[in-house]
Amino acid sequence: MTEGTKIALWKLGIFIFLMGTWEICARTGVIDPFWTSSPSLVAAEFWKSLGKNEIVYHTGVTMWEAMTGLVAGAIVGISLGLLLGVSRVLGAALEPFIIALNSLPRVALAPLIVMFVGIGFASKFLLAFSLVVVPLMINTYEGIKSTDPQLYNMLRIAGARRDQVFRKLLLPNCIPWIFSALRVSISFAIIGAIVGEFISARAGIGYLIDSAAGAFDTTAMIMPLIVLMVLAYVLDRLFVKTSDRLLRWRVATH
Amino acid sequence: MSGEVARKLRVVLDRGNSDPAVEIKGLRFRLKDRVGREIQILDQMDLNVRSGEFIAIVGPSGCGKSTLLNFISGLVPAQVGEVSVFGNKVKGVDPSIGYVFQQHALLPWRNVIRNAEIILEIKGVPQEERREKAREMLAHMGLEGFDHHYPGEISGGMRQRVSLARTLVSDPKLILMDEPFGALDAQTKLLIQEMFLKYWERHRKTVIFITHDLAEAVSLADRVLVMSARPGRLIAEYNVELERPRDFSSLRQNPYFHGLVDQIWRDLKSEAEKSMRGRD
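Chains A and B, in that order, are what the protein sequence lines are. The number in the numbering used here is simply the position in the first sequence, starting from 1, with 5 added. The number in the numbering used here is simply the position in the second sequence, starting from 1, with 155 added.
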């Protein structure tokens, strides 16, 4: 048996064990399913919700908020990071402010954002955006700062212009840094959208959970969470696969 | 039109081996260290390198050998003194100078062929032409079939050969080499030295080669210059009277070779000791 199959079997085993324990605890009354539901209850809830087209609609709303926030935050964050990276004075001058901004618990901005732009799409989009933009900016900036000065000298001696140094050295050097920031940003963006929905919303996973909480319906609270978890997991896997392919040189180095 | 004339004139001049490729007069250089003390790195450097000459510079660690190359390449502007390359005062970097670094300085995200062609790429040589030239040079370095490998996938000796190919393929008039083979294991080093010696004897480019390895200096160079401990200046100069083309493998059986290495070591020893004491 190869190591790969061994790991796959272990994964399956752990999954069955966790689900099984949960189900058995609920059925034997060790834990009251009123508080923690059970896999079968969640599955039944999922089918019901699927039939009413509810879960697909609300997941779509949340993912739309999160992904637009992610894309916009990435574009702005990467651009700012590059700008700070190439302009040494600007970078050094703004660094303390960026660090201060980064240490701020940005989800705490949610009420303020809702106050500014209302309870519609814009508040969730902005919240996702604000969670994503800072780490992307910081990582891009660090990526540029981490450039090997010897590589820079090599290009300078070859007579490279500033734009050539940027395209052939600085930009490729921060790609791995951008990718690792993007990876954590997928879940950051989803967190942003959900927190926004908790504050006030008419649709989305956060709204579903919040209204189920109002009815003390734990099954209806847990079901959308699991859907979201599976979705975020798949997105992460897809992202890692793509970035491994694009950063093949890096896989080769380590 | 006048550019054309100047180019032809230069071709003629380059053939005469007596005109200077590099002239350094009264070069001094000092730096402030972390606590703000002034350190004299180079003191009154004078150096003349003839066109087509292979110069090796040896000296104790920290004597400013690499700093000297930075001045010649134009990476660092001279504070006191004058540096000229092929008759022109050095003002900023000059793309006709090639530089081989101690570390390979390859771009890790570019495969071997794309690393080898990067200098030509920067100079605007069309892709087909530069790829052809790079492939030829890599083949010359014994690197056929590795075009699509990344630097992370090949050995240290191969990386250094790619780095050498990258510089040579751009056909520089002057090649500055800063301990280029210093990080290699002994056998790989001998093989690359021999390969480079053969290449050089065919093309006779002006080379300034910095090394710690006295045997390397004597086996490759026409002239070996010895630098003092910090502040660095030239303290001795040896002409290597070994016929060219040199048979690399039999050099080490030659009594003259060993005599010269010993003589240089006697000059260098007290300087190396000074530099060691300075470090403690």
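Since the hints were made in silico from the structure, they are not lab data. Mixed in with the good hints, there may be bad ones.
FRET-style restraints, in silico, Cβ to Cβ [what the hints assert, rightly or not]: (1) 180/B x 185/A: 34 to 44 Å; (2) 302/B x 10/A: 29 to 39 Å; (3) 91/A x 282/B: 48 to 58 Å; (4) 303/B x 55/A: 40 to 50 Å.
Backbone N, C-alpha and C define an ideal beta-carbon position, used for all residues, glycine too.
Hints, verified against the model:
1. 180/B x 185/A: 34 to 44 Å: violated (51 Å)
2. 302/B x 10/A: 29 to 39 Å: Because 35 Å falls inside the window, the suggested range holds.
3. 91/A x 282/B: 48 to 58 Å: Violated, since residue 91/A and residue 282/B (Cβ atoms, about 27 Å apart) do not stay within the stated range.
4. 303/B x 55/A: 40 to 50 Å: holds (48 Å)
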